[in-house]
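**Q** For the protein sequence lines, the chains are A and B, in the order given. All residue numbers for the first sequence refer to numbering that gives the first Met the number 0, where the first residue is 0 and numbers rise by one. All residue numbers for the second sequence refer to numbering that gives the first Met the number 0, where the first residue is 0 and numbers rise by one.
Be a bit skeptical, because a hint or two may be false.
Note: identical chains are not told apart, hence a pair may lie in one copy or across any two.
Taking lysine to aspartate or glutamate pairs in the EDC-like style, the calculated list, with each CA pair at most 16 Å apart, reads [unchecked claim]: (1) Lys284 / Glu164; (2) Lys29 / Glu156; (3) Lys261 / Asp223; (4) Lys225 / Asp215.
Hints in this document: simulated from the structure, not taken from any laboratory.
2 protein chains.
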Amino acid sequence: MTSFLKSNIDAFLPVINDWLHRLLPSENDKPELVHRAMRYSVFAGGKRLRPFLVYKAFKWVGGDGDIIFPPACAIEFIHTYSLIHDDLPAMDNDNLRRGKPTCHRVFGEAIAILAGDALHALAFKLLAETGNAEIVYETANAIGSNGLVGGQVVDVEMEGQNVDEETVYYIHSRKTAALFTASVRIGAILAGASEKQLISLTNYAKNMGIAFQITDDILDIIGDTKKIGKPTGSDIELDKATYPKVIGLDKSKKVATKLIDKAMNSLLNHRDNRIFVDLANYILKRTN
Amino acid sequence: MTSFLKSNIDAFLPVINDWLHRLLPSENDKPELVHRAMRYSVFAGGKRLRPFLVYKAFKWVGGDGDIIFPPACAIEFIHTYSLIHDDLPAMDNDNLRRGKPTCHRVFGEAIAILAGDALHALAFKLLAETGNAEIVYETANAIGSNGLVGGQVVDVEMEGQNVDEETVYYIHSRKTAALFTASVRIGAILAGASEKQLISLTNYAKNMGIAFQITDDILDIIGDTKKIGKPTGSDIELDKATYPKVIGLDKSKKVATKLIDKAMNSLLNHRDNRIFVDLANYILKRTN
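Produce the entire structure from the sequences given, and follow the hints as far as they go.
**A** As structure tokens, then:
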């Protein structure tokens, strides 16, 4: 990670974590159990990459002020809801996430399902509070049956199946890239982005999102369990549809590199693109 | 049911069902499995009571045109999503709903969870497409951890526990009345309702919603399995927090009657309130 990216992330993390704290219901508010579960999963770790994208896209377009933080938190809440549901016994049946027991392991399945549902609803409440229906649409469209949920459906369906590259691309572009794309788009829209800026950011986030998932798949094979916070090899165990499974490790790295190049090129003719370039490079080389 | 109410419902049902068909993704669109599951659950029956409230509140305030149908469908999608998740093995573990196997019995747990999540997202997409962020807020607020989901959390927590009337009221007002209230409010808001109209409709829907849930609890004890579409006695089996459990059948009926009176009184000084009065009376006397 470049020192420029690191200093930006270091400045952002305490701010966004403070906003996440403020916008989540208190553990003392009824019903306490679901609020505890929501907070547990949101604060179980996480790079806050999606809110960072919301924020940086907003600033890049020229947005100013704190109005961006509730929508940025909304995207993190959606990300957390999707992880809680993905980890459920009926889905990936994961016991660990970011080095901690998964939500259903701590609170039971019923509360985990409901904590996910509550984070889903809270996200839309925060998005609606901006008064901007367009960002609600962008987000809802990105996470429905043709987006995030659709990717997860095919991911679950394809376990143990023979898959081709097209199918893995389908899963990754929906399960991961769709929310990355929505993140930059809602940040940009709230700052009054031009169509040209929106297209450039969309291409950036889409390609980077798929590359991010490929590096995730690669780390599940060659990564360090301690750094990742969950046992490696779980994709192979569940026989998941991944790039390494379909085209091998070496070719997967090449595809990721190509996608990161594409991502960076989409912002080539724009000024002040350094944060996005550094982030894309980091995604490619990340070890956790 | 009065013939006035019946003719209104008979006119509404084919129209709303047609809209529901149009707004749900096709079973031929990828990923087909989750689209089949979404459609299965939406068309497994249902009185379409919530969309009817959206529509009638809209008309009552003076709204006109087809713009009300997508938001009305959105509310039905949210209702369906909540039923799919409530029926899951980790929650109420119901095998039958409206006389048909529940979603997870047909499609498996993973797809049922995801079909619920997809309906949840689709609802917000449709609400956002109206361009009105206020109705998005109303809905999100009604279904989060202080609304629908909160009611379900306490409902699950209180199984087999000693409960008081206050707790049952807490559950019913969130699990059922919150979405009834959002239904009339979004219909009214989209028609440009006055504050006075909004307050009257809110009081109507809130009281009627709780009464609706009490009659549901009563029917679970004395109802006809065939008419209800699921075995009676499931509340007693799970030792659910219900009015009959806490205050007995007779007193529950009295509470429901009182709430229905309150609901009707809230619209007493408004013109053209017949549809709401007849609906409230029907709720009290319903047998399914």
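**Q** Is it within, between, both or neither when you check Lys225 against Asp215 at 16 Å Cα-Cα?
**A** within (15 Å within a copy, 51 Å between copies)
**Q** At most 16 Å between CA atoms: does that hold for Lys284 and Glu164 within a copy, between copies, both, or neither?
**A** neither (22 Å within a copy, 58 Å between copies)
**Q** With identical chains treated as interchangeable, where does the CA-CA distance between Lys261 and Asp223 reach 16 Å or less: within a copy, between copies, both, or neither?
**A** Neither way: Lys261 and Asp223 sit 28 Å apart in one copy and 63 Å across, limit 16 Å.
**Q** Is the C-alpha distance from Lys29 to Glu156 at most 16 Å within one copy, between copies, in both cases, or in neither?
**A** between (37 Å within a copy, 12 Å between copies)
The structure is inconsistent with the numbered hints 1, 3, although it conforms to all the rest.
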